[in-house]
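If you read the sequences in order, they're chains C, V and X. 17 is the number of the first residue of the first sequence in this note's numbering; add one for each residue after it. 72 is the number of the first residue of the second sequence in this note's numbering; add one for each residue after it. 6 is the number of the first residue of the third sequence in this note's numbering; add one for each residue after it.
Don't read these hints as lab results, they were simulated from the structure. You can trust all of the hints, since none of them are fake.
Residues from chain C shown here face chain V by an in silico Cβ test under 10 Å; the list is partial:
id : residue
1  : I49
2  : T109
3  : I111
4  : G115
5  : L125
6  : R194
7  : V200
8  : L238
9  : P294
If we take Cβ atoms under 7 Å as the criterion, some of the chain V residues that face chain X in the derived model are:
id : residue
10 : N98
11 : R103
12 : N208
13 : V220
14 : Q297
15 : F299
16 : Q301
17 : P304
18 : V349
19 : S352
In this text the structure is predicted, and so the values were computed from the model without any measurement. Beta carbons are placed, not taken as given, at the ideal position from N, Cα and C, and that holds for glycine.
Letter by letter, the chains look like this.
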Amino acid sequence: MLLQILINGLLKGGLYALMAIGMSLIWGVMDIINIAHGSFIMLGAFVTYWLFTLLGIDPFLSLFFSVGLLFILGYGIQRYLINYVIRASAFITLILAFGIEIFINNLALVAWTADVRKVEVAYGAANFSIGHWVTIPTVRLVAFGLVILISLLFFFILNRTHLGRSIRATSQDLDGARLVGVDVAHTYALTFGLGIGAAGAAGTLWAILFPISPMMGGILTLRSFVVVIIGGLGSMLGPIIGGLALGLTESFGSNWFGSTYSDLIGFTILVLVLIIRPKGILGGTD
Amino acid sequence: MKTKTIKILVGCGIGLVLAGAFPLVDNNFVIRFGTDILMFAVLASAWNIIGGYTGYASFGNVVFFGIGAYTTAILMEKGGLPFAVAYPAAGLGAALFAVIIGLPVLRLRGHYFAIATLGVAEAMKALVQNLEITEGNAGIYLPMLDLSVRHQYWFFYYMMLATAVLTLLATHLMLKAKFGYSLIAIRENEQAADSAGINTTVAKTAAFAMSGFFTGLAGSVYAYQQAFIQPGPVFSVGMTVKMIVMAVFGGMGRLFGPLFGAVSIEVISEFLSDYFLVAHSLFFGALVILAIVFTPKGVIDMVTRRRFGIAYFLQNIREHRI
Amino acid sequence: MERPCGVILTLAAVFAMILFFGPPDTAAADPTINLGCAISFTGGQSRTGKLYRDSYDMAVEQINKTGGVNVGGKRYQMKIIYYDDKSDPTESSKLVEKLISEDKVNFLLGPYSSGITIPDSIVAQRYRVPMIEGGGASGKIFSRGNKYIFGTLPPAGQYFKSTLDMLETLKPAPKSVAILYSDDKFDVSVAEGTKKLAKGMGLDVVLFEKYSEGATDFTSLLTKIKSKNAQVVLLSGHTEESLNFTQQAKELNVCPKLIAMTVGPSEADFRHSLGKDAEYIYGVASWSTQMNFKGLLFSDTQQFVQQFKAKFDYDPDYHNASGIADVAVYKNAIEKAGSLDPQKVRDAIAATDLNTIYGRVQFSPNGQIKGTSVVLQIQGGEIYQVFPTGTKTPVYPFTCWTDR
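Generate coordinates for the entire structure from the input sequences, incorporating the hints supplied.
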C-alpha cells in the first residue's frame, strides 16, 4: 500500500511538473507571473478535445497541434500585448495576465458552455499490475515519460541552441543583450511562446486523464505556483523537483491526515520553503 | 499652499456630504450596492498601504478579510457578544495575525513575498475548512440584525462608510508623519532606508498590520450584513486580485486612487452584468487589458493631470515597451 | 497632493450614473407576475444552473400557453427576471436585493447549490418574500426557522436510505461500506446521515472520509478503499468528482462490489463521457424519468420527459424535475391564495399538497419537502430505476473493469 501511494504521488507529480515548466520559464526569464497559465492549459485541453471529437485525432498525436497552436498564441500575446507594458512595474504585467485570464475563460465559456467534457479514448484507463497491491495506470506513466522528454527538450533548447543563448542573455541583462544585437522583443515572444506551448502539452495530457471545462484553469494556476516556488526558479530541474515533491506530499499527506488537508499541507510547505529557502529547494540560500 | 489646503478640505467635505446623503435614495439595492463599493474601497485602500506605499505586493490580503469575518461570526454566534465588541475585535485579530505572519514573510521581497502571502491565505482557507469551531466548509450563520430592512441597510452602509473614512484618514495622517516617509523610503530603496537609520522591520510590519486592521474591519461588517459566511468566498484569491486590480486601476500609491478604482470597476462591472447576461465577464476582461495597456499609471493619473486622448495613451506605451 | 475636488466630482458623476440605471421599463399590457431568480450563468455552478434555468423557463412557458395564472378571477402571465450570480454567494445575495427592491418581483426562485441558497434566503427573509428553491438540500438552509424558504429537494441525511435498504435485499448482502464525501454542506449532511443509518443497520463503515470540493485526484482514497477491502462505496459529491472517481478507479483497477453516487449517474453528460465504464454504477435521486406521476403543468411524467427532450435535446434529471415543481407550486399557491400578497402566498405554499410530475409535494414545517429517494442504475448506457420498484432489477455484484 505504501508503494502504491508512492507511485500515485510520483505520477501525479510528473503532471504537476509539466504544468509548471512553462510558468517557471516565463517567470524566470521575463519576471512575469503568468496567472493566466491555467487558462492556457485549459485551451490546450480543448484543442485536444475538439481534434479528437471532430476529427478523431488521437490525443497523444494532438500534442503536436496543441503545442503548436499555443506556441503561436503565446508568441502573439507577448509580442502584441504584454510587450507594450513590459517595462512598467511587475504589477502591471500581473494585472494584465489577470485580464487575459478572465478574457480567455469567459470566451471559452461563451463558445463552449460550462459543460463538463471528457476525451473518451479506449486506452484512457488502461493499467497493469505488479503483484496484488500495486497497479500502475499506463497513461499516467506515459505522461510521466513525456514530462521527462519535454523537460529534456527544454534543457536542450536553453543550453545548446542560439535561441537558448539569446534567452539566457536577455534574462540576465536585457540592455546588454540588446547591445550585442539580440532582438529582445522577438526573444521574449519566443520564450513566452515556448512557455505557453508547454502549457498546451500539459493541457493535452490533462484532457486524457481528467474531465475538462472552461473554468478548470484557476486551480491549475495555483498548483503551478506552488510547484514553481518549491522547485525554485532558474533551472529546468526546478519544476520537476517541485512537482514530484508536491505530488508526494499530497499523496502521503492525504493518506495520513485525510484528503481535505492536502491544500493545507501544500500551501504550508510553500510558505515554509519561501521563508527558509526563498530560492527553492535547489537554489542556494540568499 | 493655503488655497490648496482649503480646496482639499472643501473637496473632502463635499465628498463626505454626498456619501452621507447617499442612502436617502428610495432604493435599498442602491444602498446595498453603495455598501459593496465602499467595502472594496476599504479593501483596495488598505492594500494600498502595504502594496502601494511600502512596495510589498501582498497577494494574500484577503486572509485579513476572512479572519475579520470569521472573528465576527464566532464571537457573535458562539460567544453571544454584540457587534460593538466583534467589530473592533475583528480588526485587532487581523492586525495581530498580520504581525505574526509579517515578521517572517516580510523578509521576502518582490514576487516571493507575493506568493508567500498567497500561500498564507490559501493555507488559512484550508485550515478554516477543517476546523470544528468555524463549522468547516459548510459555513456559519451569524445572528441577524433586528431592525426594519431599510434601517438594516442604513446601518451597514454607515458602518462601511465610517470604516472607509477611517481608512483614508489614517492613511492620510500616516503620510504626513515620519512613518509614511519611512514606508516610501523602503519602497524606493530598502537598503538605503536601512542605512539611513530607519528600522525597516518595524515600519514594514506596522504597515502590514495597519493594512490588516482595516481589511479585518471590512470583513466584519461584510459578515454581519451577509449573516452567513463560508470559507471559499471570504478567503478567495479572486477577492485579493480584485483589490489589487482596483488599486492599480485607480492608481496605486495615491491616497484616492484605490477609492476611485473601486467605484469605477464596480460600476462598470454592474453595468456590464446588467446588459450582458453571460458575456459580461468577457467584456470586463477586455476592459482590464485595455486599461492596463493604455493607462498603467492608473486612471487617477489621467484625471488629475487632465490628460485625455490618444497622445497620452501612446506616450504610456512608448514608455513601457521594448 | 491629489486634486480631491476633481476626483470627488467625478465620483459624484459616477454615483449619479448608478442612480440613472433605474429598473428597465416593463410597460407590459397584460398583468404579469414576476418571479426573480439570481442563478449561475457563469462560474463553477453554471452547468447545473442551466438545468434549473431550462426547467424554470419551460414551466413558465407551459403556464402562459395554458391560460396563465388565475388570481381571483383575473388572468396573469408569468415572467422570470434572471441575473447571473457568477456562482458567488455575495453577488447572488446582492442580486436578490436588486430583484426585490429594484425590479419589484413578486416572488423568488432559488439559485443552485446550498452555499449560495443560504445568503439568498436570508435576503428573502429580511423582505418577507417567499423563495422556492429546487437546488439546495442541506439541512442548514432550513435550520434557522426561516419562514420564507421552501425547498423541493429531499433532506440530505436520508438520501442514501433507499440504497441502504436495497443492500439488504441483495445476495450475498454486502457487509462493509466506505462513505466518501465532498466537504460542502450538502454532502456533509448526506454522509453523516448515511453513516448513522448504516450503523443502525449493522453495516461496518470501514472508511468515512471527506475530500475537498472540486478535487481531481482520488488515487489516495482509492488506494485506501482497496486496502480496507470495502465492498460498497457510497460517494456523495458533484458530477466532475464522480467522473474523476470512476476513471481513476478503473486506472487503479479498484472494483468494489457496488458503487453508488449522489450526483452524476442520473445526468446524461456523465453517461456519455464515461461510455461503458459507467455501466452498473448506481445513482440515487429524488426523481427519475421512469417514474409516473400525474402532474399539474404536464399531464404526466412521461409526457413531460418527451416534451423536455424535444425542446432541449437532453434527458431531464431530478434537478430539472425539481425546478418544474418549484414553478408549479407557485402557480398552485398563488391561485389558492387568490392574491399576490407575499404573506398570503407564503401561507398557501406552506399548506401545499400538490401532485406534480416530480411527485406529490408537501412541505415539512421547516420548509423542506417531504420525500424519499429512489435507486437508479446504469444498464446498457441508459439509467433505470431499480429500487424500491423499478423497470429493471439491480445488477449485482459489479462486473470489474477488466472483465467487460
